[in-house]
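Read top to bottom, the protein sequences are chains U and A.
All residue numbers for the first sequence refer to our numbering, where the first residue is 1 and numbers rise by one.
All residue numbers for the second sequence refer to our numbering, where the first residue is 114 and numbers rise by one.
Any given hint might turn out to be false.
To be verified - In silico lysine-lysine, DSSO-like type, Cα no more than 30 Å apart, as pairs: (1) U:Lys49 - U:Lys61; (2) A:Lys181 - U:Lys61; (3) A:Lys181 - U:Lys49; (4) A:Lys181 - A:Lys137; (5) A:Lys191 - A:Lys181; (6) A:Lys137 - U:Lys49; (7) A:Lys191 - A:Lys137; (8) U:Lys68 - U:Lys49.
Just so you know, these hints were derived from the structure itself, not from any lab.
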Amino acid sequence: AQSVTQPDIHITVSEGASLELRCNYSYGATPYLFWYVQSPGQGLQLLLKYFSGDTLVQGIKGFEAEFKRSQSSFNLRKPSVHWSDAAEYFCAVASNTGNQFYFGTGTSLTVIP
Amino acid sequence: DAGVIQSPRHEVTEMGQEVTLRCKPISGHNSLFWYRQTMMRGLELLIYFNNNVPIDDSGMPEDRFSAKMPNASFSTLKIQPSEPRDSAVYFCASSLRALGTQYFGPGTRLLVL
Chain U
1 AQSVTQPDIH ITVSEGASLE LRCNYSYGAT PYLFWYVQSP GQGLQLLLKY FSGDTLVQGI
61 KGFEAEFKRS QSSFNLRKPS VHWSDAAEYF CAVASNTGNQ FYFGTGTSLT VIP
Chain A
114 DAGVIQSPRH EVTEMGQEVT LRCKPISGHN SLFWYRQTMM RGLELLIYFN NNVPIDDSGM
174 PEDRFSAKMP NASFSTLKIQ PSEPRDSAVY FCASSLRALG TQYFGPGTRL LVL
C-alpha cells in the first residue's frame, strides 16, 4: 500500500534561513510526487511535482525538491525563507495509474523575524 | 477563469440533517476530487471522478456519504444523516487529467452540532 510520511509536524525557522521539509513515501513502483502549500483559510496550491526525468525539480516561489529513490524521499528545500512562506506544507504521492492519491499529514512552518 | 467554486463556504447544521456541498470545477478539467480536512486525520481523499465517472471512492467514510457528478461542470457531496464527527473542511479540486496539477477550491467549513 502507498503511504506518505512527513516526520516533522511543525518547524520554526528564521527569516532568511534555509529550509528543508522532509517527505518519505512508500510505493512499489516509481511514484508521482507532489508538494502543495496551504495558507491559513485557503485551499492547497501546487508548489512542484515529479513524474520522471531530472530528480531535482524546480517549483514556484523559489522552492525545489529532490527525488531520491534510494532513500524513498522527496524533500522540499528553499535557500532563503521569507515571512510569507509561513503555511502548511503537504507532500503527496499518486499511483502511476492516476487512480490513487495520498497526502501526508502536513508540516506547519513558522517563520520568525 | 474563476477557479474551482464551492458552495456554501460555511454550513452549520444539526445532527441528523442532510447536508449538500457543491462544486463547480474549472472549465475543461476532466478530473474532480473531493477531500476532507480535519485536525485529527489531516487531508483525506474521499472520492475522485474522471470524465464524470467515479474512479475511486474507497475514501468515502460510510454509506451516509454520497457523491455525484451529473455533468462536467457540477458535482455534489451529500451527507445524510449528518453527525458531529463529520465537522471538517471539505475541499473540491479539479485537474485537466488524472495526474495533472490539482486546483483546489476555497473549501466548505461544515459544523454539525
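To see whether the hints hold, each was checked on the structure:
no.: 1; hint: U:Lys49 - U:Lys61; verdict: holds, 14 Å
no.: 2; hint: A:Lys181 - U:Lys61; verdict: violated, 36 Å
no.: 3; hint: A:Lys181 - U:Lys49; verdict: holds, 29 Å
no.: 4; hint: A:Lys181 - A:Lys137; verdict: holds, 12 Å
no.: 5; hint: A:Lys191 - A:Lys181; verdict: holds, 8 Å
no.: 6; hint: A:Lys137 - U:Lys49; verdict: holds, 24 Å
no.: 7; hint: A:Lys191 - A:Lys137; verdict: holds, 15 Å
no.: 8; hint: U:Lys68 - U:Lys49; verdict: holds, 14 Å
Comparing the model with each earlier hint shows a violation of hint 2 alone; every other hint is respected.
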